[in-house]
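**Student:** Given only the sequences and the hints, what does the whole structure look like? Please build it.
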Amino acid sequence: MPFEGEYEPSPAQWVREQVELYESSGGTRGTTLRDTGLPVVVLTMRGARSGRIRKVPLMRVEHGGRYAAVASKGGDPSHPVWYFNLRADPHIELQDGPERRRMTAREVTGDEKDQWWRRAVAAYPPYAEYQEKADRVIPVFVLEPDDPDPAPTGG
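Here the sequence shown stands for residues 1408 to 1562, numbered as in this note's numbering.
In silico lysine-lysine, BS3-like type, Cα no more than 25 Å apart, as pairs: (1) 1540 to 1520; (2) 1480 to 1540; (3) 1480 to 1520.
These are calculated hints, taken from the structure and not from any lab test.
**Tutor:** This is the structure in structure tokens:
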């Protein structure tokens, strides 16, 4: 079941364009981060303050049907806005290529975070550099399917 409500595109042009290409192609185009060739997924969530539907492409870090969402913001001093959206409402939709799934996000700590952090750095090595330059600990969410064996919703 898709999110209902008003969609508010990102103020960042590259995010708007990537999400539009990803979705308009049914998940067959726009599936890599700009010029890196590394895969991304699109998260759909509800804005914490506005209540509007928000969408963001994130690096694809998947293991056993679960995904990580790394709130790196390139190592900036503040968390990305989507971090606060997931904290306020952890119910999301994740699109990985043509497949869409309802998932629930939970912030991880300790050994579980360490394990997911290693997976994230393996998928996207710049995360390690981002953490070195950040004056904050970069949060990691694990995204788990609401239905562990769903029928894909397609795009």
